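Trainee: Below, each chain spelled out in residue letters.
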Amino acid sequence: MQKKKLNLKEYAVWIMLVVLIAVFSLAVPNFATTGNMVTILRQVANIGILSVGMTFVLISGGIDLSIGNQMGLVGVISAMLMVQFGMSPILACLVGLVVGVIIGLINGLLITYTQMPPLIMTLGMSYAARGLAYIITGGYPVYGLPESMKWLGQGYLFAVVPVCVLVMVIVIALGAFIMNKTYIGRQFYAVGSNEEAARLSGLRVQRVRVLGYVIAGFLAALSGIVLMSRVNSGQPMNGNGMEMDALIACVVGGVSVTGGEGKATGMIGGMLVMGILANGMAVAGMSEYLQMLVKGAVLVAVVAIDCVSRHQSLKSLLKK
Amino acid sequence: MEEQNILELKHISKQYTGVKALDDVSISFRRGEVHALMGENGAGKSTLIKTLSGAIRPDEGEIVFEGVSHAHMDPHQSMELGIHVIYQEFNMMPELSVAENIFMGQRIGSGKLFNKAITEERAQKILDSMHAKINAKETVKNLSVANMQLVEIAKALTRDVKVLVMDEPTAPLTDAEVETLFEIVDMLKKKGVTIIYISHRIAEVFQISDRVSVLRDGKFIKTVPTSQVDRDELIRLMVGREVSDTYPKRDFTPGDVVLELQDVSGNGVEHISFAVRSGEILGLSGLVGAGRTETMRMVFGADPMDSGIILLNGQSIHPTHPSDAVKLGIGLIPEDRKQQGLLLNLPIFTNISMATMGDISHFTVLNSRKEKEKVNHLVDTVTVKTPSIAQLVRNLSGGNQQKVVLAKWLAANCKVLIFDEPTRGIDVGARHEIYKLMNELCRQGIAIVMISSDMEEILGMSDRILVLCEGRQAGILEREEFSQETILSLASGQ
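As given, the protein sequences belong to chains A and B, one line each in that order.
Here this note's numbering is used: position 100 in the first sequence is 100, and no number is missing along the way.
Counting from 1 along the second sequence, just add 1000 to a position and that's the residue number in this note's numbering.
With the rest of the complex left out, here is chain A:
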């Protein structure tokens, strides 16, 4: 009985995905085209990369709300290094990634050593990152990126596969591999499931938690660079709010906000559900305001159903 219920939960996101695709295909004429499918994938590329980092943090029992604004900060830093200091794109992007890692490290270290709630720390970092992005740019977008920089966000491999989608696929595959198949990934689940038990089994709990934020920071930076390339400029407000989209993708995909539970595959499902929902509604000509409303409703509905079913399975366990 128990097993069946868990499977259902795991499949719920895929069922939703199939239903959504079916509904939009029937109701919206221009939805089910190859072109639009590629568009959807391109649209979710940034969220996808971001969500992998969020998944690591969530599984280890934390949360990172700073990743969205980190994208903007990293984007403008890399852009300015290229435009104003003439740095080569590769080097500038590497510096951007290092910035992401450092921000993640600060988040992680402050959270573990002061034991402050991750929500507060990363919320503070989120504001700080955006503030910094505005300060260094004076609030203006950074234009004039080298032509070669376009390839990452706008280019195609073999003329069919968008490079940014490829990056997302690689990141997700690597993330899923680490989560499921490695010692390091196992530790994230252990720490998020029961921190004290993990510590008493000899795991370096704090290191694991810090590593989660570092991974999230690194991937936020990567996502920020991809976005910078896609919009062909460093925009200080880039990525603002995307941490919430990533969070929603994770939660809809069955990653538990209380830690220890969730799979990368589920997160992919969640991300696609949200991506298709947004795209389908846009193609159907619904307003962005309506899209927001639906997004919020879907999030609440999914979590409510999950909580109720969990509560019931607990109750039935207690009755036994």
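Simulated from the structure, these hints should not be mistaken for laboratory data.
Incorrect hints may appear among the rest.
Said to hold, decoys possible - Every beta carbon over 10 Å from chain A, so not counted as near; a handful from chain B, in silico: (1) 1030; (2) 1096; (3) 1111; (4) 1122; (5) 1131; (6) 1141; (7) 1160; (8) 1162; (9) 1177; (10) 1230; (11) 1300; (12) 1332; (13) 1342; (14) 1380.
Claimed, not checked - The calculated lysine-lysine pairs, modelled on DSS-like cross-linking and capped at a C-alpha distance of 30 Å, are: (15) A/263 <-> A/181; (16) A/263 <-> B/1338; (17) A/263 <-> B/1219; (18) B/1010 <-> A/181; (19) B/1372 <-> A/263; (20) A/181 <-> B/1372; (21) A/263 <-> B/1374; (22) B/1338 <-> A/181; (23) A/181 <-> B/1374; (24) B/1327 <-> B/1370; (25) B/1385 <-> A/181; (26) B/1010 <-> B/1219; (27) B/1010 <-> A/263.
Stated by the list, open to error - Taking beta-carbon pairs under 7 Å as the criterion, some of the chain B residues facing chain A (in silico): (28) 1322; (29) 1326; (30) 1334; (31) 1343; (32) 1354; (33) 1355; (34) 1361; (35) 1365.
Keep in mind it's a predicted model, so treat the numbers as computed, not measured.
We treat Cβ as the ideally placed atom computed from N, Cα and C, and that holds for glycine.
Put chain B on the given structure of chain A with help from the hints.
Mentor: Coordinates of chain B only, in the frame set by chain A:
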């Protein structure tokens, strides 16, 4: 005679999964007496109190209060009737003032709004009437433990308390504070309040109680006037049984000393020295809070140590984190397996390989075939009853969960295993299996330290017993000296 009884429990039974916590218990309490309730850990005292406070409902029996019969209590009703329980863990809002805590949940004054001045004034009056030197305006978190307890009593006095239950009230107090408490108990008694007094300290029971009731294994044994019983008789009543042969025999051929503590202090314990040899089970006995778990957590690196030396195979070790201890071959099977030992929402194999993931992985990539082989082997060794090693641990029974924790350490090839309450909440059958496993581990030359509050278990399983009392070493007993009386005497500091 009946007239005097304010509260009678008649044929109360309460069963938890597989365990009879209370088995047909009948006790009467008289108006204005101090009635001590005694028994070993797990005898059913707490369950009995919870029945009175309404925290749990008995399966059978009735509670007769002032002549009115109730099938069960609920917390609100119990309080309305005048039954008040002071638990070991106080029930207070630390950030609020003494006065606010005393009148928590009650409306003071006539207005609809909270009247701070009147509340404080009335609270102060109650405190003064108890001769307690506490300012009602003080924030509760700034009080000493003794004063918090007095506030708890004051809380009871705001209502028309008729029966006051005190669970181990003197455990955290100094001698002087105990005297103050006793004066208050005396004063309440004169007012006609019935005090149900739970304590492990025999001397105290003789000092203040009028009658004493003894529980053992959930059964009511006897109520006697305190004046007609002596200390030895009381211990006999509490213990009252032979060590049965549920404990499998084992040939003990002690090897070399594996783990040795020399004058270790810190984490609430002082000057602990002992040695465990390979193939030996050293029992660690003492009352709850005597520092048994605290001592072993230092050895395991889970809590910091202030001073002293720990030797492992003659080498000095300084574990500062559990990972150090694990690398050295020390394993801990913690007291609270759900909170400290298991990842409940993860599968068996994750739990078992948790401490040894490094061994089954190559450059951090897990070798799942190797893991499966290893885990399946261990699951067979410790006989976890499960259809699959992918089963989530929360779906296992307590006994099987404990075996999973044990298997985790077997995987790590530990030289020293610390068992903290190894069979708490585990049914008889699984207990026996765990004992057999412990014996098997001894045969393989592992040194075991077993913390246990279960008298039978500690006498039945240990080769030697170290008794702690209030953070200090009260004595080490050799097998010839084993007796429940000796352990109880040492543990209660007499």
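Trainee: Compare the structure with each hint and give your call.
Mentor: Each hint tested on the structure:
no., hint, in the structure
1, 1030, "holds, 39 Å"
2, 1096, "holds, 23 Å"
3, 1111, "holds, 38 Å"
4, 1122, "holds, 38 Å"
5, 1131, "holds, 41 Å"
6, 1141, "holds, 19 Å"
7, 1160, "holds, 36 Å"
8, 1162, "holds, 34 Å"
9, 1177, "holds, 33 Å"
10, 1230, "holds, 44 Å"
11, 1300, "violated, 7 Å"
12, 1332, "violated, 6 Å"
13, 1342, "violated, 6 Å"
14, 1380, "holds, 21 Å"
15, A/263 <-> A/181, "holds, 12 Å"
16, A/263 <-> B/1338, "holds, 23 Å"
17, A/263 <-> B/1219, "violated, 50 Å"
18, B/1010 <-> A/181, "violated, 59 Å"
19, B/1372 <-> A/263, "holds, 21 Å"
20, A/181 <-> B/1372, "holds, 13 Å"
21, A/263 <-> B/1374, "holds, 25 Å"
22, B/1338 <-> A/181, "holds, 26 Å"
23, A/181 <-> B/1374, "holds, 17 Å"
24, B/1327 <-> B/1370, "holds, 20 Å"
25, B/1385 <-> A/181, "holds, 26 Å"
26, B/1010 <-> B/1219, "holds, 12 Å"
27, B/1010 <-> A/263, "violated, 54 Å"
28, 1322, "holds, 5 Å"
29, 1326, "holds, 3 Å"
30, 1334, "holds, 6 Å"
31, 1343, "holds, 4 Å"
32, 1354, "holds, 5 Å"
33, 1355, "holds, 4 Å"
34, 1361, "holds, 4 Å"
35, 1365, "holds, 5 Å"
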